[in-house]
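Peer 1: Residue numbers (the numbering used here), protein chains in the order written: chain A, 24 to 346; chain B, 702 to 1197.
Think of the hints as simulated: they come from the structure by calculation, not from any bench. Ideal Cβ placement from N, Cα and C applies to all residues, glycine included. One or more hints might be untrue.
Computed list of chain A residues with no C-beta within reach of chain B, every gap over 10 Å [unchecked claim]:
id, residue
1, K160
2, L189
3, R210
4, F218
Pulled from the structure, derived: some chain A residues nowhere near chain B, Cβ distances all over 12 Å [unchecked claim]:
id, residue
5, N63
6, N164
7, T167
Some, not all, of what chain B presents toward chain A, calculated at C-beta under 7 Å [stated by the list, open to error]:
id, residue
8, A773
9, C791
10, G803
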Amino acid sequence: MNAAGRRWIVRLGPLLGLAGVVAFFAVLIGSPERYLSATNLRVILAQTVIVALGAIGMTVIMVSGGIDLSVGSSIALTGVVAAVALRGGSPPAAALALGIAAGGAVGAVNGLAITGLRIVPFIATLGMLGIARGAAKYLANQQTVNVPATWINELAVTVPARRWLLVAPGVWITAILAAAMSLVLTRTVFGRHVFALGSNEAAARACGIATGRLKIWIYAMAGLFFGLAGVLQMSRLRQGDPTVAAGAELDVIAAVVIGGGSLSGGEGSIGGAMIGALIMAVLRNGCQQMGWSSYVEEIIIGAIIVLAVAADRYRISRSAEPA
Amino acid sequence: MALLELSGIEKRFGATAALSGVTLTIQPGEIRALVGENGAGKSTLVAILSGAFAPDAGRMRLAGEPYAPRDAADARRSGVACIHQELCLCPHLSVAENILLGIEPASGGWISRRRALARAAALLSEFGRGEIDPGRRVGSLALPDRQIVEICRALACDARLLLMDEPTSTLQRSNVDRLFRLMRQLRERGIAILYISHFLEEVREIAGTYTILRDGQSVDSGELASVGDGGLIAGMVGRQLQSTLARGTAPAAPGEPLLEVRDLASPPRLRSVSFELHRGEILGIAGLIGSGRTDLLRALFGLSPATGRLRWRGEDLPAAGLESSRQIRRGLGYLSEDRKAEGLALGLSIADNVTLSRFSTCARRGWIHLREQRKQTEDVLGLLRVRTPGVRSRVLRLSGGNQQKVALGRLLHQDPDLLLLDEPARGIDVGSKNDIYREIGRMAERGKAILMVSSYLPELLSLCHRIAVMSRGRLSPARPASEWTQDSILQAAIGS
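If we strip away everything but chain A, and leave its shape as in the complex, we get (with noise of 0.2 Å):
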């Protein structure tokens, strides 16, 4: 086979991974026009939304050849920061642009810290989870926070209120903001800077690229989509809870690498992420159909990560032509 048939598999690869999982559970399930019914399709969609907004961030981090930890405190201080908001009665479209703004600014800390304290992102991050969470908890006085019905609870619904938008006005932004991230990525100067950033940071630093500059504005900007999905988070709940989402980092990282990102940098895709939280969210969605325990879920989708990265791993040695 040439090269291109060879890197055409390697980008259908989690697309098949995908088609695979759905099979298997409308298969195991019996009842395939249950299983692939619009309801549950729908349920699986919004259920996907937060992942896929976290793995819209995470993917150009990484592809930067980044990480950050603290996904999970992020989503958690910014539902928070807009909870609070429409509590003292802000009008909803300001409680979701702080509830942004708050993630970009937590961004921005991670990639001063990196770059000016020379911190590995790792270890920044891993700082910001425990910084974000206690401030989260500072805010909402370690409660939950009720907020008033306004539009903002509607964004993440399963069945949308206006039906000719068939599933959740969340979706479709996510959707949009993916396809639109996606061609940044690899039709701007910005994006293409991002990669040879990940791919090889002391060339682009010879080439002229003020790669510090840039690290902040990667992880400021990530910051901004964890914000989103800090909000929509809050919006599913209808309450700004500072201890949810703990963990949602591995979520959002497992799924950016199940969709071709690798953690050294120069790789990955919005578009296998995007793939990568959807067979997540089909994998708990099934395990939940089939009543089986969450722990058999957390050892399906722990097994999962590994064999994605391992067939992953075996495609590229397979496709790679000698040096």
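Following the hints, put chain B in place on chain A, whose structure we already have.
Peer 2: For chain B alone, coordinates are given in the frame of chain A:
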């Protein structure tokens, strides 16, 4: 008017003076060789010229204008481009993206792919390499093609001055020729090149003028045609070296056979290799990079799967299923050509690196005896004349030449019967080379056998007793070094 004029350039890092008075001029269309031992300040000078940091004192003028680049981007805009020792490309990006990295044709931040591909294709075809697809991933290109990409990148920003730091150290001869053709093309176009290399033959071939750096100072410069190698080396080391590159002679009494190899193969590169190696003998392996030379050493050390038969100290060994940990115990030692990735644990101390293969000599019940480790390390370092701040300092901080000595020092400490050496003296300064040659010779005198791969023919011809040439995975019969010449080796290697 001179393109680049430097005078009195100084640079200090803390207490050490990296540069203490460099004066240098280059005219447009001139190729000037910058030579000097490792640590003489060549890399610092390149870093200053390419904008990595500013000099503490001195004057820099580019085409008559004061030149003070703030960073790499600024230097590039001024027309000064650097081609690095280790290729500096992004393997995940396409050829076009690498060539135009940092200067992408774009409007409002959106890259024009069509213009980028066209620009890259135009640059590639200027060098007669239009067949390289600008959309291809750089990671899938062969090494010499990557170098073309790197040069095209330098030219994409209309470079007037190219800084080339050891561009040939990883190239085989045919690609060196190709590179030199490129450099001559560049010279015709009025581009000036500052060319750094340890290979004096190559320097003579490509450069017209030279500047010698020693201990951070420019001590001599002039026309290469009017100076001999001895004069250049004397200028670099500051003393007249006795030429260690005399012709090799057979060992006084060839010892008993240590290793016999029959039909060793390790696909895809190593096809069929047979030879014998005696105690006290240095067998040189010449050949092009990729001809299977490295694969031979790796197969013998159990790092690559292989087939065939070995006879080691009279004991038959199938070549399949060898393991490096057992080969070490049998008395084989391996020095990789890739010092940074395989030869050394860069983050560990000198002492840990030297004793790594045989901790047992300085450990009791699993506990490392620090005083003993220090003593043994200092003994080895003394043999190789390594200058260090102390055996507990990290290998990372040593110069390239001293790192290579530490890597070889690990083998000396291991004290194997057979040393498998892959490019033991590549890319290091003349003084360090001589120290390494001397120690290899001494090991042979002590009855060790040495199998040594090298691309540097004068080194093979002078150091080895016998030489065999690898060509496309097959090894020629080994003949005494005195029966070979550089030409005949090259011919055997090319297989003509």
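Peer 1: State for each hint whether it applies.
Peer 2: Taking the hints in turn, this is what the structure says about them:
1. K160: holds (39 Å)
2. L189: The claim stands: L189(A) keeps its Cβ more than 10 Å from every Cβ of chain B (closest is about 31 Å).
3. R210: Violated, since 6 Å does not exceed 10 Å.
4. F218: violated (6 Å)
5. N63: holds (38 Å)
6. N164: Correct as stated: the minimum Cβ-Cβ distance to chain B is 43 Å, above 12 Å.
7. T167: Per Cβ check, T167(A) is outside 12 Å of chain B; nearest 42 Å; holds.
8. A773: This interface hint holds because 5 Å falls under the 7 Å limit.
9. C791: Result: holds, 4 Å to nearest chain A Cβ.
10. G803: Given a least distance of 4 Å, the restraint on G803(B) holds.
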